[in-house]
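Going line by line, the protein sequences match chains A and B.
Residue numbering for the first sequence follows our numbering, beginning at 530 and increasing consecutively.
Residue numbering for the second sequence follows our numbering, beginning at 530 and increasing consecutively.
Treat the hints with care, since some could be wrong.
[To be verified] Cut-off 25 Å, straight-line C-alpha distance, at most; resulting in silico cross-link-like pairs (PhoX-like, lysine-lysine): (1) B:K850 with A:K784; (2) A:K784 with B:K784; (3) B:K618 with A:K792; (4) A:K729 with A:K783; (5) B:K784 with A:K850; (6) B:K850 with B:K819; (7) B:K629 with A:K819; (8) A:K819 with B:K632; (9) A:K823 with A:K618; (10) A:K792 with A:K850; (11) B:K792 with B:K729; (12) B:K729 with A:K629; (13) B:K783 with A:K632; (14) A:K784 with B:K819; (15) B:K702 with A:K618; (16) A:K792 with B:K783; (17) A:K783 with B:K823; (18) A:K792 with A:K694; (19) A:K632 with B:K823; (20) A:K632 with B:K629; (21) B:K729 with B:K702; (22) A:K629 with B:K629; (23) A:K823 with B:K632; (24) B:K784 with A:K783; (25) B:K819 with A:K632; (26) B:K629 with A:K784; (27) B:K819 with A:K571; (28) B:K783 with A:K783; (29) A:K850 with B:K783; (30) A:K783 with B:K850; (31) B:K792 with A:K629; (32) B:K823 with A:K823.
Since the hints were made in silico from the structure, they are not lab data.
Protein chains: 2
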Amino acid sequence: MATLKDVARETGLTVSTVSRVLNNRGYISEQTRENVYRAMEKLNYHPNEVARSLSKQTTNTIGVIVPHIKHPYFAELISNLESQAYLHKHKILLFNSQEKNEKEWEYLEMCSSNRVAGIILCSGTVGAEKFTGLNVPLVTIECTLENGTAAVECDNRQGGKLAAKHLIELGCKQLIHISGVHGNAMPADDRAAGFCEVCKQKGVDYKVVDTEADQYNNLEYHEILERLLQENSDTDGIFVSSDLIAAQLLQVCKKLNISVPEKLKIVGFDDVNIASLTTPPITTIHQPIKEMAKMAIELLISAGEGNIVSSRTILPVALVKRETT
Amino acid sequence: MATLKDVARETGLTVSTVSRVLNNRGYISEQTRENVYRAMEKLNYHPNEVARSLSKQTTNTIGVIVPHIKHPYFAELISNLESQAYLHKHKILLFNSQEKNEKEWEYLEMCSSNRVAGIILCSGTVGAEKFTGLNVPLVTIECTLENGTAAVECDNRQGGKLAAKHLIELGCKQLIHISGVHGNAMPADDRAAGFCEVCKQKGVDYKVVDTEADQYNNLEYHEILERLLQENSDTDGIFVSSDLIAAQLLQVCKKLNISVPEKLKIVGFDDVNIASLTTPPITTIHQPIKEMAKMAIELLISAGEGNIVSSRTILPVALVKRETT
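Isolated chain A, as found in the complex (with noise of 0.2 Å):
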């Protein structure tokens, strides 16, 4: 492979002139300019970004951990975070978590081996002072930790009161709200929250149901929703925590015969694709993922400078009505 010596040696020029010219430094004529990436391309001549990175101290590539890539909703996110830091001139070093603890550990140490410039976090089961030793900047989107770490959400809160006030407007009388998973702390909490609060106040029947860890590792809920609608026959209406779930409850309705939205009214979370690929469409709660990565790349290469940013950064959601209320 050619060398910064090779592209000097071609051009007649010094290697610190050369080097000039590929870090823009100084003054260099044009000619000298053109003289140069004419060799380098005659040589195929490739700079080297591991070692200007191991003068630098960093990278300019970020890592993104998720716990799922191919859940639909981590899918869209993923492919705005890289837009967004392909704007920025940064790449993307995607890691999957499963949420498993030890994988998220682990590429946590190969964030911190690689230099990385900074961390997105969309996966939440390690804790906080895990951080505090790794020194690069870290921003989580949709999920908690404890300390002031900065944090980029949707109104979770106002999603959940959207969605009970739309439902309750249609007239139903018996709500369910299918919730994120039991024993986590999850920004589906806050959903639940706020569908609570409007529940109560309008003095709705309301129920909320926890899923379980293994239902979201493995995607698959038609066995709970299922034994739910069996269950609870005159419910009218249901609000649940994603569009994936969402999808799976039509199946399940058509299954067992209950037509939507005449006999029962469902509102999703997320506004993905899928949303829009069911039939019946999904109505659903639009979190704006594309601001949202927008957002966790700019605190991010923010923080990185060595400003102070934001510790929590809450963007606004919105009711999008389609097919199933």
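Fit chain B to the given chain A structure using the hints.
This is chain B only, laid out in the frame that chain A set:
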């Protein structure tokens, strides 16, 4: 941040002994090893992978370039690539090309500058000649390059045959295949070829319809599907080249009051999560995505070790019968 020297000082060992422990080189007593690890933990020392990469002139990072992260097929593929890379102690640098030639090209440069161990390319607008100078192993998945690169594919032709046979066995007389992007060489072309072969053999009327690049880039097909169904009201079986399009076709059928599978039977391709999340769930051709990811990572690592690897690996597909047929 603690350095190797600090660990040496803390343990009373030389830097070269500590380095031998870290690199697992030569004989080291259990006691010494333990002392070093204890000191590393106490000092919160993280080995500098960047420095290590510089001396090795490569990293244990694999660049993955896909056209659309949030497309359910690529989300599932990326998830499997990450798991397989992890088994080989490699990491994934993820790039979203949006099928834009200049972005692909820029990403290839970034991969090269960052001395990746190899590149997995699933996005095909760049010509083969661009790769000649890069000097890193390259494996493609479901995308064709004209030189001797290692390509991993599923048996697309067989997939097209299975779909046609299945629809014909169920009594369909007027078939349509909705194929890949017009004017691009894509794996979907082989699916079309297999489909046509069986239709001709069995003497069944059929038609192949291409899609447009901007439909693929926006993952949005409703309009063309609605027009197609209106202009071909006697069609009783459709084979589409992705489950994503099949899900949208189900929505259009609902809108036009065409009952599936009674009046129209549908077969998708990919067998990703969307196929089992629609109502009714989609009969589809299963791509062995996990095995394809495993094969791609193994080929890449083997090529990086200087071995000669097979230039084309084709994995088998299967029909998965669900409720759209």
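Tested hints:
Simply put, K850 (chain B) and K784 (chain A) have alpha-carbon atoms about 17 Å apart, close enough for the 25 Å limit, and the pair holds. Restraint check for K784 (chain A) and K784 (chain B): the C-alpha separation of about 21 Å stays at or below 25 Å, so the hint holds. Between the alpha carbons of K618 (chain B) and K792 (chain A) the distance comes to roughly 52 Å, so the proposed pair goes past 25 Å and is violated. Pair hint K729 (chain A) plus K783 (chain A) does not hold up; C-alpha atoms about 30 Å apart against a cutoff of 25 Å.
Using a Cα cut-off of 25 Å, the hinted pair K784 (chain B) and K850 (chain A) holds, with the two alpha carbons roughly 17 Å apart. Proposed proximity of K850 (chain B) and K819 (chain B) is supported: the alpha carbons are some 20 Å apart, at most 25 Å. Our distance criterion of 25 Å between C-alpha atoms is met by K629 (chain B) and K819 (chain A), whose separation comes to about 20 Å. Taking the CA atoms of K819 (chain A) and K632 (chain B), the gap is near 20 Å; set against the 25 Å cutoff, the hint holds.
Simply put, K823 (chain A) and K618 (chain A) have alpha-carbon atoms about 13 Å apart, close enough for the 25 Å limit, and the pair holds. The suggested pairing of K792 (chain A) with K850 (chain A) holds, with an alpha-carbon distance near 17 Å, which does not exceed 25 Å. Pair hint K792 (chain B) plus K729 (chain B) holds up; C-alpha atoms about 23 Å apart against a cutoff of 25 Å. Taken as a hint, the K729 (chain B) and K629 (chain A) pair is broken in the structure, with Cα atoms around 52 Å apart against an allowance of 25 Å.
A distance of roughly 44 Å separates the Cα atoms of K783 (chain B) and K632 (chain A); the hinted pair therefore is violated under the 25 Å criterion. With a C-alpha separation of about 30 Å, the suggested pair K784 (chain A) and K819 (chain B) falls outside the 25 Å cut-off, and the hint is violated. Straight-line distance between C-alpha atoms of K702 (chain B) and K618 (chain A) comes to about 54 Å, which puts the hinted pair past the 25 Å bound. Straight-line distance between C-alpha atoms of K792 (chain A) and K783 (chain B) comes to about 19 Å, which keeps the hinted pair within the 25 Å bound.
Of the pairs offered as hints, the one joining K783 (chain A) and K823 (chain B) is violated, with about 37 Å between alpha carbons and a cut-off of 25 Å exceeded. Proximity of K792 (chain A) to K694 (chain A) is assessed by CA-CA distance (about 18 Å); at most 25 Å being required, the pair is judged to hold. Pair hint K632 (chain A) plus K823 (chain B) holds up; C-alpha atoms about 19 Å apart against a cutoff of 25 Å. A distance of roughly 34 Å separates the Cα atoms of K632 (chain A) and K629 (chain B); the hinted pair therefore is violated under the 25 Å criterion.
The suggested pairing of K729 (chain B) with K702 (chain B) holds, with an alpha-carbon distance near 12 Å, which does not exceed 25 Å. Restraint check: the Cα-Cα separation between K629 (chain A) and K629 (chain B) comes to about 36 Å, which exceeds 25 Å; the hinted pair is violated. For the hint linking K823 (chain A) to K632 (chain B), the alpha-carbon distance of about 19 Å falls within 25 Å, and the restraint holds. Annotation: proposed proximity of K784 (chain B) to K783 (chain A) holds, straight-line Cα distance about 17 Å (limit 25 Å).
Restraint check for K819 (chain B) and K632 (chain A): the C-alpha separation of about 20 Å stays at or below 25 Å, so the hint holds. Taking the CA atoms of K629 (chain B) and K784 (chain A), the gap is about 43 Å. The hint is violated against a cut of 25 Å. A distance of roughly 40 Å separates the Cα atoms of K819 (chain B) and K571 (chain A); the hinted pair therefore is violated under the 25 Å criterion. Distance check on the hinted pair: K783 (chain B) and K783 (chain A) sit about 14 Å apart at the alpha-carbon level, within 25 Å; holds.
Taking the CA atoms of K850 (chain A) and K783 (chain B), the gap is about 18 Å. The hint holds against a cut of 25 Å. A threshold of 25 Å between alpha carbons decides the hint, and for K783 (chain A) with K850 (chain B) the separation of about 18 Å falls inside it, so the pair holds. For the suggested pair K792 (chain B) and K629 (chain A), the alpha carbons sit about 46 Å apart, so the restraint of at most 25 Å is broken. At most 25 Å may separate the alpha-carbon atoms for a hinted pair to count; K823 (chain B) and K823 (chain A) exceed this at roughly 33 Å.
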